[in-house]
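Combine the two chains into a complex, taking the hints into account.
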Amino acid sequence: MIHPIPSGTRDVLPDETREVRAITDSLRSVFERHGYGEVYTPALEYEAVLARAGHAARGAGSADAQPAYRVFDETGAVLVLRSDMTIPIARVVATRYPQVEPPLRFCYLAHCYRGVRPSRGQPRELLQAGIELIGSPAPEGTAEALTVLCAALDTVGLEGYRIGLGDASLFPSLMASLDVPEQARPLLLDALVQRDFVALGEVLAGLDLGADATSLLLDVPQMRGGSEVLDASATAVADAASNMRQVHALLAPDVAARVIFDLGLVRSLGYYTGAVFEVYDPALGAPIGGGGRYDDLLGHYGRPLPAVGFALGVERLHIALAGEERGEPGQAHAGAP
Amino acid sequence: MSPINGLTIAVPRGALFKETVDLLDGLGLDTAELRSNDRKLLFESIGVITMRPSDVPTYVESGAADIGITGKDVLLEQAVQGPGDPARREVYELLDLGYGRCTMVLATKSGPDPAAEALRRLGVMRVATKYPRIAARHLEETGRQAEIVEVKGSVELAPLTGMVEAIVDLTATGTTLREHDLVVREEIVECTARLIANPVAHKLRAGAIDDFLGRLRAG
Chain Z
1 MIHPIPSGTR DVLPDETREV RAITDSLRSV FERHGYGEVY TPALEYEAVL
51 ARAGHAARGA GSADAQPAYR VFDETGAVLV LRSDMTIPIA RVVATRYPQV
101 EPPLRFCYLA HCYRGVRPSR GQPRELLQAG IELIGSPAPE GTAEALTVLC
151 AALDTVGLEG YRIGLGDASL FPSLMASLDV PEQARPLLLD ALVQRDFVAL
201 GEVLAGLDLG ADATSLLLDV PQMRGGSEVL DASATAVADA ASNMRQVHAL
251 LAPDVAARVI FDLGLVRSLG YYTGAVFEVY DPALGAPIGG GGRYDDLLGH
301 YGRPLPAVGF ALGVERLHIA LAGEERGEPG QAHAGAP
Chain V
1001 MSPINGLTIA VPRGALFKET VDLLDGLGLD TAELRSNDRK LLFESIGVIT
1051 MRPSDVPTYV ESGAADIGIT GKDVLLEQAV QGPGDPARRE VYELLDLGYG
1101 RCTMVLATKS GPDPAAEALR RLGVMRVATK YPRIAARHLE ETGRQAEIVE
1151 VKGSVELAPL TGMVEAIVDL TATGTTLREH DLVVREEIVE CTARLIANPV
1201 AHKLRAGAID DFLGRLRAG
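Protein sequence lines, in the order shown, are assigned to chains Z and V.
Per our numbering, the very first residue in the first sequence carries number 1; after that it's consecutive.
Per our numbering, the very first residue in the second sequence carries number 1001; after that it's consecutive.
One chain only, chain V, in its complex shape (with noise of 0.2 Å):
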């Protein structure tokens, strides 16, 4: 058993880690552990360390991992936004890995669109979400006045309870929305995993880094 590379990886527990850990075990990393024992963070004999995907560019970040995978809807909502914006990470974006497709979408209740209503009458329609940036960014450049509402939990509970007329979220197959008669009014952008690296792994770990690169393109 070996890091691959002698890298260390930050793996996202969560929807990504199923495909990913499948993904480093066709580079011929020894997973079997990672796959079960879900309680373990630090996989030291392998070069993995494991955390929830909000969590992977701040580690990649620090230098603390050398590479990382997370969503592109993380890596978004952590991005620049405006001058001296808190949220910047800085990290190589290196790969678009195609697993975990899903789409970051504006959905209301159905029926007449109630934020359209709002907007009409009210000039600012109220919009529940966990990805507070991604909604604004995405309000703002469509010229809308919007009061973003962040929420931690169930999305779908805040329209159902009238205190927002929309939410934006993340959706793989739209079941979730459906369930609780919300439908899809705008799609914001498409999301997928991607490989993060951190930028003096980038130059002192060069030979390394292209080579897991090289051998995930070509498999």
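Pulled out of the complex, with its shape left as it was, chain Z reads as follows (with noise of 0.2 Å):
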């Protein structure tokens, strides 16, 4: 007899177990070494509660990150499945942690869930491993999130990996200082979220900018590779491109020979303030992973403090590491951005 499932979940046996038990154990134990305590909360929350994230937490264009399971307790609460696991540690600080002395440093390996088209290496019951840490600001919270992201990569055997660093505010604050009409920057972000360039190009033809703020909006966020390119970058985003630096100079060298700056990075989810990051490895066509500050975030329940994360993907990871291993054609790249 066979019996379905749900679209975007699977069974996992004994064979796959072992080999995501190995990744999951070496990602745990690097969180472990750097301080990071393991935390579980439930899969189900309050609908309301993870709400209080507000429309900031909503993706910009982009509806994946939003719970898209919901059910009815017996008292007709609604009830939904989390879809990532920033916003529950955020309910845990505020409430479990009100008065505790930051830094706090948590880390998880948890299940999250979202309305996603069911594809490789993107189910919608995901395994999600990552850290968070609260209370520690810009620059050094930023690059300490990096240097374990590093150390979990490397520990897990990924070689060919490369890191993408942005500045969620550096496309809002370059809209800003080049007087776009407000009305048109949601346009603007939409297309650029969409990575639409060619409609990026388009929606900038139709507001008379003048040429060079159009060519600014065009290309800045086209502009992507190693420092050249912040010194190549506009004093418009001079503070982005200086945040950047900032953060690059802390981190140890073999952590920033990963580093890939770029202007255009921005993150489905709407509630990153600063640093933003993604990773990529030749072995597979979409990021592994990424994460960013979220400084507003936690005083949205109560407890304001700057914050950093990231969480990867494991299947993506476990794909990535089984393609490294048979040296897919993408191996070719590593290296050589």
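No lab work stands behind these hints, which were simulated from the structure alone.
Do not rely on the hints blindly, as some may be mistaken.
[Stated by the list, open to error] One side of the interface only, derived from the structure: several residues of chain Z facing chain V at Cβ under 10 Å:
#1 Y97
#2 P98
#3 G160
#4 Q194
#5 F197
#6 A283
#7 G285
Quick caveat: nothing in here was measured; it's all calculated off a predicted structure.
Just so you know, even glycine gets a beta-carbon here, dropped at the ideal spot from N, CA and C.
Quick look at the structure:
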């Protein structure tokens, strides 16, 4: 008899579980070694509590990261299956650590649930491994998170990976400094989130901002690469560039060497406020994970503290490791961006 | 013979094929075999894979190709439509290549508009199309109730047999529509060929892709 399971979910059998377990054990040991204590939180949360994160947490142009599964409990309250661990941990910090002196360090290995198009490495029930560093501001906190991230990836044996580093405030402040009309800003940001530079150019062409401003708004978010990218970037994005430089300066050489500066990096989660980052590996066509600073989120739960964190998709990490092992064609790209 | 900047390029067979190959020719790619062998799919020595246009985003999104060329109609049909839309494609759209220009139109039989009459009397118009998402989005945005009938082959047949009142289809010259006594009632969107890129290749192979882009813009 064949009995179905919901779209985007799957059973994990012993051979795969053994491999996944080796990865998660390594990740957990790296997190613990850096002082991050593991937490479990309920997979089900009150919708009203997660919604406190507010509109800010809604993805700009992306519904992927929104809770997609809702149920009622016996009192009629609406429960949701969590779509990430960052918001539940913000709740934990405010509720369980109201007085404790920061910084606080937590890690997790937990399933999250999203209404995405099920595909390779993108299940609807996804296993995430990550950390949250609460109460440690930029640039030191960001540098620590990147250091733990690289230590984790090195320990599981991923070789060709790079970290794209950007700043969530870069494009909004660029638009503000160039006097882009308020009503056009969401359109431009949306085009960027959709990765559509043709649409970005079309919206800009209709705005009559002048040739210089138009080319800045089109070119800056396409700049990515080594530190020459920051040197060449316009004075209008000097703040974001200097934030990125400060973080980079605090990184050990082996971590710094993994960084690609990306002035167009935007994450689909809306709560990021400063540095944002994504993990790329030539053996996989999609990012393996990412994170960033969310300095305003904790305030929504009554404990205003700057914070930074990242999450790795364990399935994607597993696929990338298997790909590197097989020496897939993409491997030739490693180290030669 | 070698790939352009070491990139793997997804090339669409069909209407965009000739101009795409001309474009790659102009960048110095040896396209002789690509032109002569229409049975072959994988041209490893020049970093080209060929496929139907609607498959290009799939191969580029997965990373099987670093970059690809396809029509805006394909990208729109596979674009974000609403929360959790299953057709969303995680690719960069980098450049409007300008060729392959055609228009997505809503057309009906000539004479009094049968779609308007169906809408007035029956409250819903039936629309046949190979582009169900574009059609549904257009009719929703213009506040009309429609029943979308997805067909795979000649769309023109559907209104002629009375199965539907209207069609949504791509037209370049309008010849096919005229031959079947169909008239364009609305132009929905202009479509041209676009250059797309895999999101990871866009970061890890930034130099190669930007150089490719620069040469396209210069050419």
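Hint check:
Restraint check, Y97(Z) versus chain V: the minimum CB separation of about 33 Å is more than 10 Å; hint violated. For P98(Z), the suggested interface contact is broken, since its CB lies about 34 Å from the closest CB of chain V, more than 10 Å. Checking G160(Z) against chain V: minimum C-beta separation of about 8 Å stays under 10 Å; hint holds. Against a cut-off of 10 Å between C-beta atoms, the interface hint on Q194(Z) holds, since the closest Cβ of chain V lies about 7 Å away.
Below 10 Å, beta-carbon pairs count as interface contacts, and F197(Z) has one with chain V at about 6 Å; its hint therefore holds. At its closest, the beta carbon of A283(Z) sits 9 Å from a beta carbon of chain V; the interface hint therefore holds under the 10 Å criterion. For the restraint placing G285(Z) at the interface with chain V, the shortest Cβ-Cβ distance is roughly 2 Å, inside the 10 Å limit, so the hint holds.
In this structure, the hints that do not hold are numbers 1 and 2, in rising order.
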